[in-house]
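Protein chains in written order, with this note's numbering: chain A, 1402 to 1649; chain B, 2 to 582.
None of these hints come from the bench; they were simulated from the model.
Check before you lean on any hint, since a few could be wrong.
Unchecked claim - Derived lysine-lysine pairs resembling BS3-like cross-links, with alpha carbons at most 25 Å apart:
id : chain 1 : residue 1 : chain 2 : residue 2
1  : A       : Lys1598   : A       : Lys1433
2  : B       : Lys536    : A       : Lys1433
3  : A       : Lys1598   : B       : Lys536
4  : A       : Lys1467   : A       : Lys1433
5  : B       : Lys428    : B       : Lys257
6  : A       : Lys1455   : A       : Lys1598
7  : B       : Lys48     : A       : Lys1596
8  : B       : Lys48     : A       : Lys1433
To be verified - Okay, the calculated bits of chain A under chain B, using three or more residues with CB under 8 Å as the criterion:
id : region
9  : 1422–1436
10 : 1481–1494
11 : 1591–1600
As the structure is a prediction and not an experimental result, all values here were calculated from the model.
Think of the CB as a built atom: it goes at the ideal place given N, C-alpha and C, for glycine as much as any other residue.
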Amino acid sequence: MKILVAVKRVVDFNVRIQVKADGSGVASDGVKMSMNPFDEIAVEEALRLKEAGKAEEVIAITIGPKASQEQLRTALAMGADRAIHVETDEDIQPLTAARILNAIIDKEEPKIVMLGKQAIDDDNNQTAQMLAALANWPQATFASQLEVDGDVANVTREVDAGLETIAVDLPAVISADLRLNEPRYVKLPDIMKAKRKPIDTFTLADLGVEAAASVKVLKTSAPATRQAGIKVETVDELVVALKERGLF
Amino acid sequence: MPEYKAPQRDMMFVLNDIINVSELAELPGFEDATPDIVQGVVDEAAKIIENTIAPLNETGDREGCRFDNGMVTAPAGFKEAYQLYSESGWTGLDKSIDFGGQGLPYTLATAVSDMLCAGNDAFSLYPGLTNGACEALMEHGSQELQDTYLEKLTTGEWTGTMCLTEPQAGSDLSQVRTRAIDQNDGTYLIEGTKIFITGGEHDFVDNIIHLVLARLPDAPAGVKGISMFVVPKFMVDSDGNPGARNPVVCASIEEKMGIHGSSTCVMSFENATGYLIGNANEGLRYMFTMMNLARLMVGLQGLGVAERATQGAIEYAKERKQATAINGGETIIHHPDVRRMLMTMKALTEGCRMVAYDTAKHYDISKAHPDESVRKTANDRVELMTPICKAFATDVGCEVASLGVLVLGGAGYIRESGMEQYIRDAKIFCIYEGTNTIQALDLVGRKMKMNLPQTFIKEMINDLAAESGNDELGFIVEPMQAALNLLDKTTQWLTAAALEDPQNPAATAVEYLTMYSLVTHGHFWIKAARAALAKQDDDFYKGKLATARFFTNKILPRIYGLAPVIMAGSESVMTAEEDWL
Ligand SMILES: Cc1cc2nc3c(=O)[nH]c(=O)nc-3n(C[C@H](O)[C@H](O)[C@H](O)COP(=O)(O)OP(=O)(O)OC[C@H]3O[C@@H](n4cnc5c(N)ncnc54)[C@H](O)[C@@H]3O)c2cc1C
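Sequences are here, hints too, so could you generate the full structure?
The following block contains the structure:
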């Protein structure tokens, strides 16, 4: 069984995001970039399945500019067997990403596609769901526990009401939530070995996908800074204050 | 205690924009050190250090090492963290591939040590001392000794120590008395007591490999009669596994001011079996092989503690509200004097990082460049910069740690803030591996005789000439011109005054080292300013340029207080007689 894991290059979660002066986006020049943390969890889970003998091969895939190969190398250093880079400088929105992944599914025929539940840059939380629809596969999103039993995956999901356990037939799309696992520390020798693992490169044209932007970004701006609060003495005052602001 | 976050952007700035680390991949043997590997190494080392080693800094300080009947237990968590760190391959980063290392440049090891030291200075000593032992065995050990010990030391499965100091032999190692008796079977019996041995005993590993300075019965007196031996805690059997216990025992451990997580041991050699490294009576020379790297390492400890104190102080100053500042700001970071302290901390710390990484790159060139004359020039630079990296960066460690406490006010003096630990940890860095006095004497003595400080002054002056038309850099180039002239003049004075009276350089060496270091920092701040000027649409680079300005206006001028002090020579220092003190 093959597992395909999608990983995305994002601004590192430690970086204080700065909006570009012209409002065209957030500054990423010289800023530390990392693998989306949820994707790291997805990679870890795929590797654990392989180590448990439930999968033969783990393939990492990313869609993005040349530099995104750094994130593929991270996945390879964690233990993925090989990687696929769909190289593009275009802004890739969830639906395009899902189409690209679907095209790769046709080539690789994996039994599981693992993704992070969302990427911390745009926080869309859409790609996994869209991919499942395009591939006409079952989906198990927000996984916090995963157990593969033959052709079935038993997935515990983090839903608003608590936890929900579902069984999905494979092949399926699974998206990882924060508590699914704690990703391993990469070993230095594995960083070196990753350099020698193969990365196949495709363009969008190779896959017959166009980077259609269904959503247009008009302007990016920093959230307004929070105003200082006021102290009220009584519940009555609180009610008045809330009413004044149209909140009650 | 403030959480440690590896200053990865600062580190990458120095690696890429200041020292051009990508050039290393062009050296034979370092082909793997491509930009992606550099980035990968920094990223992954940062993760393991931030998450598993740095959190033990404070608990390690509180708990300390425990001694019981010859056994030493390190603070809780140290053993597990060490095992994770070594099993992840970090100890072998720059070690030979032949013995299980990764053969990467020392420059990368330096970047990792920068983080390791900042994360946990006490912890960093366990792998740190092992590096010295590896280096000495690699350079001077027989094939047999290398085969027996190097792989396990490289992987960190075993650790190493440096056993030099004895009660009567500290700075002056010619006084070493530990005896070695030839058994005429390839082994020696070692007998004597060593004190202050870092990592002499602990509970992490299956074997500890001591490198010991001792004297053969017929050895000439003084430094020419010192030999170096390998003494394993457990004898190594024919399969390479630890076997019988060798009688080298930890008699006690010291109660210390700081670095409580590191064991500092009295080691008693009770006719322990040892093996000679290289030739008899050449031990001191071999020792300098490990000393030089160890000195650079201690410099990184100074840098590390400075980085950590700076992070803690900046974080606090952005939160703490106390009296509206003149500019209307509500947090203390807006008070000009708090800002002065923070900028001083930042400028000194970042300057030390630039010098340390640049020296590391020269070290790699000195080892790997195909051209002998290039290797020689690079080695000269390492020789010159070793006392500067060691002494100045550790002085900076103390200054910055002390400022860090002051930035927090009363809270800084309270244990819970974590800031006072940095002062206690930082002081030892000025002492071991040769006190900062010994470093300064090395600079004005041996290094000056080799003409190294003079040569680098010329190089800095030449580099400056290339910038003289650049108006935007005028703010630093002009003051640096004046500074270099004064340094040149002071150096000439010192060379002449040394001939008149050797007490002149001896009494002014420490101030001279400080002056030399400050000008060297200026040299690197020009590079930083140049790189930052090109990218002024980004706060990070604006910050670099602002720091370069601060350094120029507020730190570099310290040399104007130092030059006259140096040129006043030794007279007023030595006039008062011993009894008058
Ligand atoms: C925590 C700790 C860990 C250590 N770890 C190790 C270790 O792993 N292995 C090891 O072998 N040693 C170790 N040491 C010993 C350390 O290297 C010595 O303490 C140091 O070299 C200074 O020697 P000393 O203590 O004898 O001081 P001294 O040499 O007595 O120095 C006292 C003062 O005199 C000055 N002085 C001495 N000689 C001169 C001179 N020629 N000219 C001018 N001034 C001079 C010194 O600068 C200093 O200010 C450690 C020490 C400590 C405290």
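Could you work out which earlier hints the structure fails to respect and list their numbers in ascending sequence?
3, 10
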